[in-house]
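Participant: Each chain sits in its own coordinate frame; assemble them with the hints.
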Amino acid sequence: MQMQILDWIFRPNLKTDDARVTARDRMKSMLTHDRLELPAGRLESLEEELTAVVSRYFDLDKDTTHFDLQQYERRASLIANFRLIRSKC
Amino acid sequence: MSGRVIVVTSGKGGVGKTTASANIGVALASTGASVALVDMDIGLRNLDILMGLENRVVYNLVDVVEERCKLRQALVKDKKLGNLSLLPAAQTRDKSAVTAEQMKKLCDELKAMYDFVLVDSPAGIEQGFQNACAGAEEAIVITTPEMSAVRDADRIIGLLEARKDEIKEYRLVLNRYRPNMVANNDMMSVDDVLEILSVKLLGVVPEDEEIIISTNKGEPIAGTENVRAGLAYRNIARRIRGEDVAIMDLTPQSQTWLNKIVSFFSPPVRV
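Residue numbers (our numbering), protein chains in the order written: chain A, 424 to 512; chain B, 97 to 367.
Honestly, the hints are just simulated from the structure, not real lab data. You may find that some hints are simply not true.
Unchecked claim - Calculated pairs, DMTMM-like style, for lysine to aspartate or glutamate (alpha carbon to alpha carbon, straight line, at most 20 Å):
hint	chain 1	residue 1	chain 2	residue 2
1	B	K207	B	E222
2	B	K296	B	E257
3	A	K485	A	E472
4	B	K200	B	E242
5	B	K260	A	E496
6	A	K451	A	E467
7	B	K296	B	D261
8	B	K200	B	D261
9	B	K296	A	E496
10	A	K451	B	D282
11	A	K451	B	E291
12	A	K451	B	E321
13	B	K264	B	E197
14	A	K451	B	D288
15	A	K485	A	E470
16	B	K200	B	D190
17	A	K485	A	E496
18	B	K313	B	E303
19	A	K451	B	E315
20	B	K264	A	E496
21	B	K175	B	E315
22	B	K296	B	D282
23	B	K201	B	E234
24	A	K451	B	D287
This is chain B alone, in the form it adopts within the complex (with noise of 0.2 Å):
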């Protein structure tokens, strides 16, 4: 068996890079594929806690690499989904314990024993991210619609660009969407964000609260019902996975009073 290596990337820190690679390791498990999550921010180590696994953590990453511990032993399965590994960062070394050769050699181990390796990088552009593309052949790359995240993910795309030999695809994740505000013309829109950084869409998650509740739990919200983030990404893992799954409806979902009041006086307003 030979799975996909997939790096998660963002270039910017902050714009939810390890929350969307917990939920869609978990979105991809749920379809029934095996998944490994590699976590490669090494001295952050973050994605344990995303998905309320910190305290099963025994052996890391780094301790693999530099044959503590057999790789099997470093893994540690998901508590609901038991298609899903996380390799955990080391928290108290730092970037330059693994070297892309490294890491090269461990990708080639785990695609061998699971469907996805998701690997989920460091932010910014130095060798922490160049050693997390070190084994993939596609990117994911997460930015929100704010202008810095938009021009650091401009950045990343360039640098995809230029490992063209290694990473065949690319696509984007527009996070914490906010329908209201592009509505109001406030904010940068789905298609806006396309055109600036001629990219494809891979998918757009909108702001929600539950995320924040469900990082608390440490339950990623790819596994709850009912939820449009949860579904967003569970839409990815479906194209992710070959299907074509349409953008969820991004139209506002509930209007503020003060339309209600207008609209309960007038006719629909044309603008």
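Just chain A, with the same shape it has in the complex (with noise of 0.2 Å):
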């Protein structure tokens, strides 16, 4: 009981809002986009129609759809990922 109670007070680590992995995220994305010279923005034009390409042949669980850019070794990649249902005739 002694030592919960000066965990409350003291325990270091309390805080939700780290800074450290705010600033790495931040940075991560910054970086991504200067990289390609990439807008803002333009990200999310390219996922609106291709989103648009893909039902015209599937039927999509769109809550489902992830898009995304990742960095390996300073280079980008685009990470699409569509939940298909069904095709459509």
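Facilitator: If you want it as structure tokens, here you go:
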């Protein structure tokens, strides 16, 4: 009990919005855009268009569509994941 | 003899690039190698101050290029290390005073005389930076764990990649590292920065007030024993020379009084 109280008063890692993780995530996203010279909003419009194209062929579970840029050794990969329900005739 | 020409660069100003150049120069010379430090920050000369040589500057790099003096006349010998010399920048000219071709020729002359030629680049990504790279085959990128400095370092790495034919290798020095803040998750760690930049690490220099004191005295910290930042620079020099030296233990040195009270009352806290 005594320890829990002290813990509660002194515990150093109680913060939920960790500045280190925030900085790292912001940096990753910023540098991905910097390296590709990708303007804000461009990726979103690509996502819209691609979704529209795939939707012409398949019924999609739009809530689970995953669209992302990932870095590997200073090169970006476009990850697009569409959950398909059934093909359209 | 053909020495190695290494450009020290950062993109962002104020991250400790010139301090790093001075200290890596001193540390390399302390290992026995002959070293020429070249200040390419034309118009904003500072390397002479950090070396404590500002009163001995007679001629400068632009004088050499414009043939007002011989190269040997412009080189200023270090006060302590006989195998270390400084080629100072001109203070009254600007970055257009030297061309890339002239710089390349100068580096060729210097590498015939020294084991290492360290070129301190100006901040920025424009012509001054490009000229500083002109004669180099290797680069050292200096950054701090702050977002703006890391972003600018990334830009510099992109530009170094574009010069792949000349710059064969580049490595990162993470400067002003604060182990206490990293331990509290308030600041990006070494691994975070390496992951973000996908770059090889040359060394980590902890933030140290002794650096300010040594700058004021004109005696680079690399020459001082028992100071962590000085040891960090000496390790960097050994790695440049090809030795396999582990990155020093960067766990926080001293606990805060708060942590001490907690650990007095309780067994180690598992987080």
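Participant: State for each hint whether it applies.
Facilitator: Verification of the hints:
| no. | hint | result |
| --- | --- | --- |
| 1 | B:K207 - B:E222 | violated, 25 Å |
| 2 | B:K296 - B:E257 | holds, 13 Å |
| 3 | A:K485 - A:E472 | holds, 13 Å |
| 4 | B:K200 - B:E242 | violated, 33 Å |
| 5 | B:K260 - A:E496 | holds, 16 Å |
| 6 | A:K451 - A:E467 | holds, 17 Å |
| 7 | B:K296 - B:D261 | holds, 18 Å |
| 8 | B:K200 - B:D261 | holds, 14 Å |
| 9 | B:K296 - A:E496 | holds, 11 Å |
| 10 | A:K451 - B:D282 | holds, 17 Å |
| 11 | A:K451 - B:E291 | holds, 9 Å |
| 12 | A:K451 - B:E321 | violated, 38 Å |
| 13 | B:K264 - B:E197 | holds, 19 Å |
| 14 | A:K451 - B:D288 | holds, 10 Å |
| 15 | A:K485 - A:E470 | holds, 12 Å |
| 16 | B:K200 - B:D190 | holds, 18 Å |
| 17 | A:K485 - A:E496 | violated, 31 Å |
| 18 | B:K313 - B:E303 | holds, 18 Å |
| 19 | A:K451 - B:E315 | violated, 38 Å |
| 20 | B:K264 - A:E496 | holds, 17 Å |
| 21 | B:K175 - B:E315 | holds, 9 Å |
| 22 | B:K296 - B:D282 | violated, 24 Å |
| 23 | B:K201 - B:E234 | holds, 16 Å |
| 24 | A:K451 - B:D287 | holds, 13 Å |
Hint violations for this structure: numbers 1, 4, 12, 17, 19 and 22, all remaining hints satisfied.
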